[in-house]
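Please model the entire structure based on the sequences and the hints provided.
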Amino acid sequence: MAKTILEVMDLKKHFTHRKGLFSSFKEAQQSIPAVDGVSFYIKENETLGVVGESGCGKTTIGRTILRLEKPTSGKIIFDGKDITSVRTNELRLLRGQMQMIFQDLDAALNPKMRIRDILSEAITVHHRISDAEVGRRISDLLEQVNLKKSKLSNFPHELSGGEKRRVGLARVLSVGARFIVADEPTSALDVSIQAQVVNLLRDLQKRLGLSYLFISHDLRVVELISHKVAVMYLGKIVEMGLSDRIANKASHPYTHILWSSLLEKQSKETAQKAKSVQAGRWGVFDFERPTAGCRFVPRCPVYESKGKPTLCTDPATEPQLKDIGGVHQVACHFPL
Amino acid sequence: MKNYFQIPGEISESTGLPIWKKVDGVDLAYVGYGLVIVTLVVVSYILGSFHLLTRDPQDIDLGLMMAPPGTAGHLFGTDFMGRDMLSRLIVGIQAYFLPGLLAIFIALFFGTILGVLAGYRGGKFDTGITYFTNLVDSFPRLVLILLVIAAFKPDIYYIMLVVGLTNVPVVTSLIKGKIQFLKQKNFIEADVALGVPTRTIILKHILWHNCRSLLIIQATLGMAEAILMETSLSYLGFGVQEPTPSWGNMVQSGANYFMQGKFWPSTAPALAILFTILGFHLLGDGLNNILEDKRNT
Amino acid sequence: MTAAPTLKIEDLRTYFYSRSKQAFIRSVDGVSLEIAQGETLGVVGESGSGKSITALSVLGLISAGPGVISGKIGFKSDRIQKNLLQDLDDFVKLTTKDGKIMAVSKDVVGWERNTDRVMNKLRGKEIAMIFQNPKSSLNPFTPVGKQITEAIKLHTSIKTEQQAKERALTWLDRVKIDSPRLRFDNYPYGLSGGMCQRAMIAMALACEPSLLIADELTTGLDATIQSKIVDLLVELKSQLGITTMLISHDISIISRLSDSVAVMYGGTVFEYGPTRDLLSTGFASKHPYTSGLLASIPSEQSIREKGYLQAIEGDVLDTINIPEGCRFYGRCNQVTEKIREKCARHEPDLREIGSGHKVRCWLYFD
Amino acid sequence: MKPSAIRPIALVLSRELIITVLLLLGVSFVVFIILFASPGDPFSMLLEGQLSTAEVRTGVREAMGMPRSWTMQYLSWLAGMLTGNFGTSIRTGLPVLPEVLHVGLNTLILTTGSLIITLLIAVPIALYSAVRGTDKISWPLTMFSYVISALPIFWLGYIVIYFFTHKLGLFPLAFGFSSGGQKYRWLYQFLPIFVLGVGNGTISEVIRFLRQEMGRVMAEDYIRTARAKGASVWKHSFKEGLLIPVTEIVASKIPFILGGAVIVEQVFNWPGMGRMAWQAAQDRDYPVIMGIAILAAVFVRMGSLFQSVVYVIVNPRASKE
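Sequence order for the protein chains is C, H, B and S. Going by this note's numbering, the first residue of the first sequence is number 1, and it counts up by one from there. Going by this note's numbering, the first residue of the second sequence is number 1, and it counts up by one from there. Going by this note's numbering, the first residue of the third sequence is number 1, and it counts up by one from there. Going by this note's numbering, the first residue of the fourth sequence is number 1, and it counts up by one from there.
Heads up, some of the hints might be wrong.
To be verified - When the alpha-carbon atoms are kept at most 30 Å apart in a straight line, the in silico DSBU-like pairs for lysine-lysine are as follows:
1. B:Lys135 <-> C:Lys306
2. H:Lys185 <-> C:Lys112
3. C:Lys75 <-> H:Lys124
4. B:Lys159 <-> B:Lys135
5. B:Lys121 <-> B:Lys146
Think of the hints as simulated: they come from the structure by calculation, not from any bench.
Listed below in structure tokens is the structure:
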């Protein structure tokens with residue numbers, strides 16, 4: 001049985017939005033719950049996929065785990081150790097083990113540094129080693145991410161998207177991370193390059209025993225790469241389970257709508273199948289004011305078809321994640 | 001129809017091209033002219049400060065007053081007291097050179113610190129620093145200098161202190177903008193996530209790699225600013241006093257003769273100001289175009 | 001089909017001159033396409049394949065910098081018939097040395113004035129375009145409704161603000177924006193991306209153009225919103241029968257909406273034919289790039305088996321340095337020994353190999 | 001404009017107004033610090049100057065006592081200023097405020113006029129080069145703007161004076177604000193405005209900024225949309241590409257122009273704030289300079305306030321934030 005590498009308990013991250021210069025006097029601060037009570041765990045050598053629409057807080061989760069944001073409340077346990085409020089020094093050490101791949105291809109690449117310098121710097125951040133050793137590690141890394149040696153003397157802007165992503169990966173691997181938060185690692189890439197990167201990520205997982213928190217809006221890729229998938233809606237996980245169950249036997253109406261939107265685009269024939277549950281209204285969401293009770297109510301077709309039961313809108317009974325068997329959890333009063 | 005076709009496989013790699021081939025010719029000309037001016041100023045400053053001039057700028061020759069340029073022994077002619085114009089112009093650089101460097105240093109030093117604080121820390125720091133920069137920007141520089149002159153004394157170093165301080169907001173906002181740009185691209189965050197120490201991020205990645213050229217550009221523009229201020233004030237009669245030459249007081253003392261149609265004693269220092277400030281401006285803008293804008297795109 | 005197509009692009013070449021490399025970036029390099037009246041043509045390709053530049057060339061929106069366009073773009077509707085590329089060469093001066101282009105100078109204003117003259121009464125009226133990034137494509141300083149009425153007043157017989165507003169409201173309703181009267185006065189920042197895109201669609205269609213060009217219109221929107229927009233387009237298409245050129249990198253959208261499809265790569269069309277054949281997995285005689293592209297998308301099967309994806313190795317072609325021979329040669333996994341020489345040395349042309357199915361690959365030529 | 005649109009604007013404006021007041025408080029404090037720290041205790045003299053001669057005579061000061069702590073000194077000075085009491089000029093013995101306000105009006109005319117001149121020169125050049133890029137016409141114009149920005153303004157003043165008085169003989173030799181032949185009076189007053197407008201040293205910067213902004217806006221997606229629908233590009237780019245940048249650069253250049261005014265007023269004998277400040281600096285008449293510095297800061301802040309007003313009215317998003 002694999003060890004749990006990361007466990008997150010009731011994690012909350014609220015952003016305060018200051019309105020104007022004197023807000024601190026007037027108590028006019030507004031709190032936006034980007035992540036609002038999320039719990040999950042990831043085992044070694046496992047991938048947890050997180051899907052959801054833009055603004056649902058999936059990126060914030062990754063950033064909070066890596067402590068790029070300070071969590072408002074909750075607990076983050078990495079490798080058996082509570083890291084929710086470790087100090088800066090310890091945090092630096094931790095970052096030798098957990099890393100993040102950013103959506104922005106240029107994120108890790110200082111535009112004024114050559115690739116060689118970027119990599120050698122990353123290697124020496126956590127390890128004091130000789131120049132010769134650094135050179136050896138660089139060529140190891142290049143091999144791992146399948147990048148040509150000739151690119152080492154280039155500047156980042158001279159690389160293609162796929163190459164930039166590879167350098168970003170090499171940088172993350174160079175510190176020896178075991179756990180990687182991959183925030184939309186493929187969304188900025190072309191389809192053919194995307195497949196290369198997905199393959200590379202899986203390959204690295206197999207060879208180095210990495211664990212991923214894989215954040216993406218691309219349902220197909222998440223389904224392919226993850227062992228488990230968590231579906232997020234407005235800061236909460238509404239459903240979580242093994243990836244094929246989530247994709248094919250979704251219990252939460254939102255999950256269902258997400259996956260059927262995929263089918264619907266794809267072909268005229270299958271579109272009909274999905275039509276049955278498809279009737280949600282698609283208003284603009286307002287993250288500052290989640291509805292009392294279940295957050296999904298304004299868009300929920302089940303709520304509509306059940307004749308708007310008060311259970312769903314009652315502030316006291318916001319649905320919590322419940323186990324429905326087969327490592328499958330759902331937060332809904334009327335699971336499908 | 002024209003043939004735009006080009007033989008395949010014959011395109012040189014951009015990295016192989018020398019820098020002067022990659023940049024705009026106009027920018028190159030700007031920088032070239034600017035460097036000539038900088039060299040002239042520095043050489044003149046050294047000549048003046050080590051008394052290597054063939055003619056003493058204070059030598060009065062009442063027999064040869066208002067000599068036109070080209071007069072034997074006086075390449076740039078003489079002024080109303082028969083003093084050699086060229087020597088006076090060269091020595092006039094003393095009036096602003098070191099004080100100007102002081103002003104540049106103050107502006108860059110404090111501007112960088114405040115810019116890093118505002119950009120990197122953000123939040124309350126940013127609010128406070130924005131207030132400070134707005135406050136400094138509320139004073140017309142010359143009026144503030146006059147106030148300081150009235151309260152203290154008309155010393156060029158006091159003046160340059162004010163010039164430097166009033167230039168701080170410009171540097172601050174540039175550095176802050178740069179950091180915010182880097183932040184927006186998640187670049188700093190990636191460094192933090194990697195575990196790079198804050199000191200390295202700020203000093204090496206932000207300041208050395210990304211703000212270096214910006215600071216050089218601000219230094220050149222700051223010198224132009226210092227020259228403008230010094231000449232304006234010495235023209236107004238503050239700062240360097242006769243008989244010590246400064247370009248500003250030279251223009252001023254030549255003014256009466258100007259109205260009589262004898263332009264040269266006033267025009268020569270005015271042109272010196274013109275060409276020097278132009279040089280620093282063009283150098284700054286040329287460098288800006290070459291180093292800042294184009295490589296990022 | 002004997003009637004002349006609404007849009008007929010012949011050997012379109014749109015190049016941009018890169019001064020630092022002293023060469024042309026051949027963004028579009030010999031594209032020929034046809035869109036019959038009422039048909040929807042899907043153009044699919046990765047970034048840098050030249051699909052968006054093709055669309056912008058049609059509308060004459062390429063002007064900045066030293067870009068050049070050659071070829072022919074014939075446009076025909078009930079009201080008008082015109083070649084959209086006229087006299088553009090007059091505004092470009094080439095300096096050559098030993099057959100190598102050393103410098104390109106362009107009279108940008110003259111060029112722009114010329115395209116504006118040619119495109120006058122066409123842009124917005126006959127040919128309308130929808131862009132990606134709906135939020136930034138709407139003027140942030142003007143209410144959404146005003147931007148629609150502006151187009152209506154420019155291009156239709158409606159000239160009063162009141163009537164234009166009525167028409168705009170009808171269209172906002174048709175693109176399923178809820179409470180259109182309220183949205184009419186909203187500024188773009190107050191609307192979500194999906195709503196902005198609906199407003200863009202309303203703006204484009206309100207003048208009843210003969211040709212609609214939609215460039216990546218769902219990119220950047222959430223999956224659920226995307227599918228709603230696609231639904232809307234399907235519905236509008238069946239109601240209006242409007243001729244459409246649909247550009248996307250998303251094969252699923254193209255396959256849902258288009259009648260025929262053109263696969264672009266490195267500035268040229270690699271394959272061209274009916275959507276049903278080209279994008280179905282069963283159809284065998286495909287260009288290796290098309291089949292590679294289809295295989296790189298996670299399929300039911302690859303997901304079930306948790307296997308690796310069949311990626312196309314290598315990188316997307318850099319259109320500044322186009323190789324001799326086939327553009328795809330370096331990445332192609334179907335080169336046989338028999339044709340290797342040809343693939344490496346000679347560029348194949350786009351040949352018809354089945355009914356309406358054209359392909360640019362030596363594999364299918366004898 | 002609908003009433004619903006006015007409320008957010010009013011909110012933003014009240015915020016801007018508060019910021020302006022805070023900044024002016026800061027300005028007064030900086031002035032206080034400078035005077036307080038200077039040798040010879042000029043600040044006590046300043047406070048003394050705030051008392052009327054009658055009060056001095058009857059010994060009010062002795063009775064009330066000089067405020068001891070520096071905070072009390074600052075506050076009593078500030079309170080005096082808020083009631084319009086800026087103290088008295090050391091040189092003339094007259095109250096500062098009316099004097100400064102009187103000349104301030106002249107300076108306002110001079111600076112506003114020259115700002116208009118600057119814009120009249122800069123805007124066409126900027127727009128032309130934004131559209132055309134660098135070509136045979138825009139390059140010399142840009143060069144020209146660089147040269148006149150580096151031109152020492154006093155010397156430019158000499159040239160203009162020499163040309164009009166000596167060459168054309170239009171004016172008497174002693175150049176002054178109110179004298180001069182009636183016939184050319186308008187020209188007489190226009191010349192300093194023109195010289196300051198051309199020679200204030202900001203033209204090249206203004207051109208560069210406007211060109212950059214216009215160029216940036218022209219590359220925006222929504223301009224492309226406008227072209228694609230056959231609408232006027234100018235109409236769509238006007239607000240963001242011209243109106244906002246112009247107000248922005250005008251607001252930020254007011255301090256420079258006020259500085260330039262000191263010199264131009266000197267050269268042309270224009271009885272404005274700058275000339276008075278120069279005179280006061282000669283005499284170390286700090287109450288006067290202090291008054292001028294504060295008034296100048298008020299001008300600068302008003303410029304920024306104006307810019308925010310335009311920005312908020314033009315940009316619907318600004319009032320939402």
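Okay, the hints, checked on the actual structure:
| no. | hint | in the structure |
| --- | --- | --- |
| 1 | B:Lys135 <-> C:Lys306 | 36 Å, violated |
| 2 | H:Lys185 <-> C:Lys112 | 14 Å, holds |
| 3 | C:Lys75 <-> H:Lys124 | 28 Å, holds |
| 4 | B:Lys159 <-> B:Lys135 | 27 Å, holds |
| 5 | B:Lys121 <-> B:Lys146 | 20 Å, holds |
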